[in-house]
Amino acid sequence: MGRPLLVVENLSAVITTGRGPLTAVDGVSLSLDRGEVLGIVGESGSGKSVLARTIMGLHCSDPRFALSGTVKLDGRDVLGLEPSQLRAMWGPEVGMVFQDPMTALNPVKRVGTHLVEAVRKHQQVTRRDAVGQALDLLDMVGIPDPRRRINQFPHQLSGGMRQRVVIAMALANRPKLLIADEPTTALDVTVQRQILDLLDRLRGELGMAVIMISHDLGVVAGRTDRVAVMYGGEIVETADARSLFDAPRHPYASALLAAIPSLKGAPHQRLAAIDGTPPDLVMPPSGCRFAARCDAVHDDCRVQPPQLIFDGTHGTACHYPVNPLISTASNTSGDT
Amino acid sequence: MTNQSVKDDAGALGSASAAPSLRARRRAGAWRRTRRLFVRVAELMAVLFLVSLGTFALLSLIDTDPAVTILGEGHTQADYEAVREDLGLNDPLLERYADWLGSAAHGDLGASIVPPYHDVLDRIMAALPVSVELALLGVGMALLFSIPLAMWSAYHAGGRIDRWISAGTFSVLSVPSFLAGLLLIWLLSNGLGWFPRAEWSRLDEGLGANLYHAFLPALTIALAETALLTRVLRSDLITTLQEDYILAARAKGMGTVHIMFSDALRPSSFSAVTILGISLGRLIGSTVIVEYLFALPGMGTLVVGAARTGDYVTVQGAVLVIALIYVATNALIDLSYGYLDPRVRRSHA
Ligand SMILES: Nc1ncnc2c1ncn2[C@@H]1O[C@H](COP(=O)(O)OP(=O)(O)OP(=O)(O)O)[C@@H](O)[C@H]1O
Ligand code: SF4
Ligand SMILES: [Mg+2]
Chain A
1 MGRPLLVVEN
11 LSAVITTGRG
21 PLTAVDGVSL
31 SLDRGEVLGI
41 VGESGSGKSV
51 LARTIMGLHC
61 SDPRFALSGT
71 VKLDGRDVLG
81 LEPSQLRAMW
91 GPEVGMVFQD
101 PMTALNPVKR
111 VGTHLVEAVR
121 KHQQVTRRDA
131 VGQALDLLDM
141 VGIPDPRRRI
151 NQFPHQLSGG
161 MRQRVVIAMA
171 LANRPKLLIA
181 DEPTTALDVT
191 VQRQILDLLD
201 RLRGELGMAV
211 IMISHDLGVV
221 AGRTDRVAVM
231 YGGEIVETAD
241 ARSLFDAPRH
251 PYASALLAAI
261 PSLKGAPHQR
271 LAAIDGTPPD
281 LVMPPSGCRF
291 AARCDAVHDD
301 CRVQPPQLIF
311 DGTHGTACHY
321 PVNPLISTAS
331 NTSGDT
Chain B
1 MTNQSVKDDA
11 GALGSASAAP
21 SLRARRRAGA
31 WRRTRRLFVR
41 VAELMAVLFL
51 VSLGTFALLS
61 LIDTDPAVTI
71 LGEGHTQADY
81 EAVREDLGLN
91 DPLLERYADW
101 LGSAAHGDLG
111 ASIVPPYHDV
121 LDRIMAALPV
131 SVELALLGVG
141 MALLFSIPLA
151 MWSAYHAGGR
161 IDRWISAGTF
171 SVLSVPSFLA
181 GLLLIWLLSN
191 GLGWFPRAEW
201 SRLDEGLGAN
211 LYHAFLPALT
221 IALAETALLT
231 RVLRSDLITT
241 LQEDYILAAR
251 AKGMGTVHIM
261 FSDALRPSSF
271 SAVTILGISL
281 GRLIGSTVIV
291 EYLFALPGMG
301 TLVVGAARTG
311 DYVTVQGAVL
321 VIALIYVATN
331 ALIDLSYGYL
341 DPRVRRSHA
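Protein chains in written order, with our numbering: chain A, 1 to 336; chain B, 1 to 349.
Keep in mind that the hints were calculated from the coordinates and are not lab data.
Pairwise CB distance ranges, derived in the manner of DEER restraints:
#1 B:A209 / A:R148: 52 to 60 Å
#2 B:R343 / A:R76: 34 to 42 Å
#3 B:G255 / A:P63: 17 to 25 Å
Because the structure is a prediction, the values reported are computed rather than measured.
Backbone N, C-alpha and C fix where the C-beta goes; we use that ideal spot for every residue, glycine too.
Given the sequences, and given the hints that come with them, work out the whole structure.
Structural data, given as structure tokens:
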């Protein structure tokens, strides 16, 4: 169906910090079709949030961020837009859901105000109509009794309810792309599922594309079309969800996968966090950034940085991949 | 649209059936409000009592003798004793205080004990509007200046504009306010001749004339207040601008001005509002220097003049009224916290 909705090419974001320039995102390329769901997974500090915000253009006017590469959203060059053009795009083209619903809503504003101002910013409607839309939005995200909730303040809602409001706010102008930055990390386990199910349902109803960010592969399992694994500001593996879960090739992706208790190993088993710490992004190691923590490390890994090499649509940045081929052997549970 | 059933709401207000009935809750709320009001009034009485007692004690330590003021030079010892007896100055201190308190409790602040023996309340009522107007104008101007300055500064935190504003506010704060006043007089009044000095025009003589005369003194007051408010507001704004909800507001397309005024200002204004309350109360009673500079008939002039003649009745009355205003202002400030942060409303209610 024509060109992809989002094309990111060789995107880098360098942040000026007290210790020197920090390369939070380093040469990331990806693309996303309309209605497609992309999962971005990586541990804390791997650059997921900076990537997401850079794609949206939220870092464009921040003098501390030096951006390079291109982001094309629906054919428009996001990084080249004027502030007013960006503001016109935030809402109707792309919306964002944040990690912590406790802090993503203004404590002094009523639930309704959050929605009404978003609606009226982009649509020429009367206040009355905007309130009507706000009620519909609350209903759409599964908040019971919207007429009561609309006049409440955020602190009067539970965490799950607030996240629903945040989602409603992001969807107020029916964006073509929704970026959900760890939308369930701050929530109770039981509520996490409900929010993920809600996002699934809304994506289907509204036909939007979604970028679902998480540090937990388990969250994106079964809910995404494609998955990109980030490490140290780079994408180290990207593939359609099926082949990534069945046959991860990068040792990091494979270790992340082993850490999901629900997929492998006994239930309730504490997830085996990967030993070691992520690389320092002010002074990244010269070779493979994962080398210090990699079981399969060879000498040349420390010298030669691996490039993202594609086999079909499955890309891996590793000199010694775990599952070099999409083999049937690794796929014992695979049925079609 | 489907309306999914939701089970994650246990943390919210509680389901209607489990909670006490609405009427019971309303009654409890009304009772709590009454009690709060009662406590407030009791606090107010205590403050006024302590302030008046303290003032009385302090005045008795000052050796300005109203009898001397009345008699002037060259009186006999007998005249002097007679006047003192007449004024009740020979009565024990506590007795005099009790007398005064008894009348004050009935709203009678008495008459000045030195010529021309004006009614104290009348004198306060003449002086108070001047002070209140100066304080309000000064603080109002300070708000008008400091909000945009602080916003500008915070938005460009660390940048050149921010550094200039910081340097400016810092230097204003380090200079005594009368110097700023002198500078303004020299510049705008003597130099450019735009504004009068040493004149006051009462409000009932016309708003234009009144504001014209009040402008320079109010500006003098506003300078220091602006510097203070700008600094406090700037630092709170910088903290607020880091909040997720600011990013969330940007991410839905809201403009910078909207974000500053509608999202960032209120959550950032606690310290500024507190300072504002203290300043207002303080300014009404003690703009002595500014009143002196501009020869204004305000409360500061009244109190200092009365203290110089040993007119303790006038001082007592004026101090009482100032304390009352101070307490009332800060009660209003307390109430405003509920507006600034809805979460406070709940814990109070
Ligand atoms: N505003 C900033 N100033 C300085 N450094 C920053 C800033 N934002 C992010 N960073 C740095 O950039 C790197 C990537 O951060 P980012 O927030 O994108 O990680 P993340 O993958 O989203 O992690 P998390 O799971 O903790 O959200 C980190 O090293 C972080 O310290
Ligand atoms: S390139 Fe070498 S060190 Fe890096 S992940 Fe692959 S095997 Fe490990
Ligand atoms: Mg993040």
